[in-house]
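Chemist: Given next are the chains, with one letter for each unit.
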Amino acid sequence: MVRLISLELRRNRLGPYRAAGIICGVALLVFRYFMAFIPIIDPSDPDSGLFGSYDFLTNITDLLGLAMFSILGGVMGSKFVIEEYCGERAILLFSYPVSRKKILGAKVVLVFLYTSGTMLLCGFAVEILFFAIESVFPVCSGNLTWGTVLTAFASLLCYCLLAGAAAILSICVGFAKRSVSVTIVASVVMAVMMCQALSMAFAYPAAIYIALGVTTVAVIPVVRDMLRRVENLEI
Amino acid sequence: MRENVITAEGLTKAFAGREVICDCGMEVQRGRIYGLLGKNGAGKTTLFKLLLGFLKPTAGKAAILGFDSVRDRIEVLRHTGSLIGTPVFYEHLSAADNLLLHLAYMGLEDADVDPALELVGLHDTGTQPVGEFSLGMRQRLAIARAIVHRPEVLILDEPANGLDPVGMRELRRLFRQLAEDGMTVLLSSHLLPEVVQTADRIGVMAGGKLALEADTEEILRGHRGDMEDYIIRVMEGGGGDGKAHIS
Chain A
1 MVRLISLELR
11 RNRLGPYRAA
21 GIICGVALLV
31 FRYFMAFIPI
41 IDPSDPDSGL
51 FGSYDFLTNI
61 TDLLGLAMFS
71 ILGGVMGSKF
81 VIEEYCGERA
91 ILLFSYPVSR
101 KKILGAKVVL
111 VFLYTSGTML
121 LCGFAVEILF
131 FAIESVFPVC
141 SGNLTWGTVL
151 TAFASLLCYC
161 LLAGAAAILS
171 ICVGFAKRSV
181 SVTIVASVVM
191 AVMMCQALSM
201 AFAYPAAIYI
211 ALGVTTVAVI
221 PVVRDMLRRV
231 ENLEI
Chain B
1001 MRENVITAEG
1011 LTKAFAGREV
1021 ICDCGMEVQR
1031 GRIYGLLGKN
1041 GAGKTTLFKL
1051 LLGFLKPTAG
1061 KAAILGFDSV
1071 RDRIEVLRHT
1081 GSLIGTPVFY
1091 EHLSAADNLL
1101 LHLAYMGLED
1111 ADVDPALELV
1121 GLHDTGTQPV
1131 GEFSLGMRQR
1141 LAIARAIVHR
1151 PEVLILDEPA
1161 NGLDPVGMRE
1171 LRRLFRQLAE
1181 DGMTVLLSSH
1191 LLPEVVQTAD
1201 RIGVMAGGKL
1211 ALEADTEEIL
1221 RGHRGDMEDY
1231 IIRVMEGGGG
1241 DGKAHIS
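Chains as they are written, first to last, in my numbering: chain A, 1 to 235; chain B, 1001 to 1247.
So that you can see chain B by itself, here it is in the shape it has in the complex (with noise of 0.2 Å):
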């Protein structure tokens, strides 16, 4: 039985009355590619907000590695990687820069940052500005930033955003690779194919809660000619068979 890296539980949060997040439970095992699909508004960015700690939530608790999300913050994002919405950047500086001030602030000044950009195809970029950069250069340098410390967590929501079809595949052989050297990612997509692709295990958000939770491969097997109907309808909030996929 592997280690629980990532757990919510009862996770609430609501904005204004409005619960966008309600009774919220999930466990992602270290080593493993978790996949979180959902529609817009689903409440996937504020789930990974919740474990990251930028809000707090209403009711229930999230950790990550056994640190409470509010009260550890500072050691959750110690081991976390992330990637939250529209990546931003210092524009005048390059790639390199961008990274090396970010190990900076994590603490770690002597770091190498060649290999992060190796493994994202930036390396060749120089002294060229990040402000000059295309849109899918800026998603893998964002993903660079997010695996520069070696985090043993990695939260990256929407990935693929900006991607072509190679750089969608680099990026599933490099989380496959993430995953075997022990890195635990948990991803949010809007694309039912990347997800189904790259994930071990998929979580599907509808309402604010997790209506589905399973492993890839149980899902494949239960619905191979009707899958992507099946997810939509869970998405959708109906049609879903609730946890009754949970492994």
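Looking at chain A on its own, in the form it has when it is part of the complex (with noise of 0.2 Å):
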């Protein structure tokens, strides 16, 4: 599996994932610090006291970066995954003597490891970045303690493992349909409907958990009916 995800990284390119993980960094710290600074713009507005929390900003700012992360991970998907299987290109990949679930298992790991990967990075990046500047310049008014950090980056991690499972989600979409626009749509969606599930985690933080548990439960078998429909596709 190793061998074949080596393959795969010589043979695409990564230079545009990787600018697109740097821009969605950048993006994510502009935005943290855009909704830090509210409070401080607009002091009269009666709620604008909720972005003063660590806990809202680092929440918003996760659940942010799972829509953009997960669709990166889509367009990555339908390029390294459901691009290949489309017309001549799959005749090259059904030629080599490799197992055909082994070659799509090893593009699928590949874009759950680096859409996961990179946002792990860039958030994690941008936290310490935020945590940082807040320890010398303070922004937000809420108390900023080891504990509040160390919540940022376990949530951090689920929302990444997120990230990278909606991609794969995408990419069993768009490999049913065969189809590059139905995967980014796909992903598009997936990322919608993420989100919206998970703006519960402001109220019950248990919500990043159950939602990742969920996912997997689901992410399991789509893969495997991806495994069993490449073993038998014909071209």
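Just so you know, not all the hints are guaranteed correct.
What the hints assert, rightly or not - Here are the computed lysine-lysine pairs in the BS3-like style, where the Cα-Cα straight-line distance is at most 27 Å:
no., chain 1, residue 1, chain 2, residue 2
1, A, 102, B, 1056
2, A, 177, B, 1056
3, B, 1056, A, 101
4, B, 1039, A, 101
5, A, 101, A, 79
6, B, 1061, A, 102
Derived from the structure by calculation, the hints contain no laboratory data.
Both chains come to you apart, so use the hints to assemble them.
Modeler: So this is what it looks like as structure tokens:
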């Protein structure tokens, strides 16, 4: 599997996805400061105090990150997986004396790792920068403790896994139709649905863990079905 | 008697109830060049895909080197080099990198790609990305990719596509050399003179069946003056004398 993933890396260009990841990271940092400054810009608004909480800022940034990175993962999946199994490209893939399941599995694992990993790195950088600056020049009125920082990182990790899982689900939908556009639309729909469901996490922090469990349960059978399909695919 | 390397028996393939290949049988012996002729839609590419396990037969069976095309698909692919349809490459990589990647998938990381590139005249392309290659260069690279792992069997669908007359002549010489080295070559073409000059044995497909199968010499002997008319009659499903020419 590791060898197949390294071969995938050799033959695909990751530059555009790396650049997109960096842009997403910068956008997340800007978005967080934009939210953090609301109470300072408009202190008369009775709801503005909400934006001064670290938990709120962390959650809303993670939610935006989940939307951005799950769509990025969907786009990557459409290129790495769906396009490869459409038309003449599929003939090239199927001419290798390697199990079709293993090749597809390597692609799916790569998209999952890349989506989750890039979001984790970007989110990590945003959290570190934000909390480091906050410790010197605080913008938020909330109390910054080690507990706040650790909770932020734990929640970030869950959102990263969810973004990777959302990318896999959109690949499965796209693979069923063997369509790049269906994959991308599926990733957008998936992002909207997940963000909608996870908006509950503002009130119930445990919602993120429940979402992670539910998504894992959903991912396993659809991936198995996709692997079964590729084995019987005729081109 | 040479060993049969490629065999098909009662091979049938239907798409949505319509039979594209119908009860097709063929045998190709080791070290021979077998040319398959047929009109567009005669079923040449479908037959090749069945042999390589890209499609599953509705009935019958196909085997390469004794390996069943469906059950032992991976073994079939390990021992076969192929070119089916328009060749695709990793456009941003050089010719050598494309071949190295192919070898890595074949499990032959340490193999040398230079001899294959030299055989098809692409040894001087250096780091030029394949995306900048002409149609003929892409076709030659596809042939290099099919032979780079030194397979025992070569299955090539329209290998002369996009090649100029010089390229076609070089290709003929290459196939002859590969066959002398013991490689079995099965190729298809629309170009009758090309197949006649290249192949030892010719099969003509019509309506999903192998309507004629005979040694090239034998056809030349029997139809020296009207060979083109004769083959075209067979391709159109009439006027041929069925499998009377099988030797």
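Chemist: To test your reading of the hints: which numbers does this structure violate?
Modeler: 4
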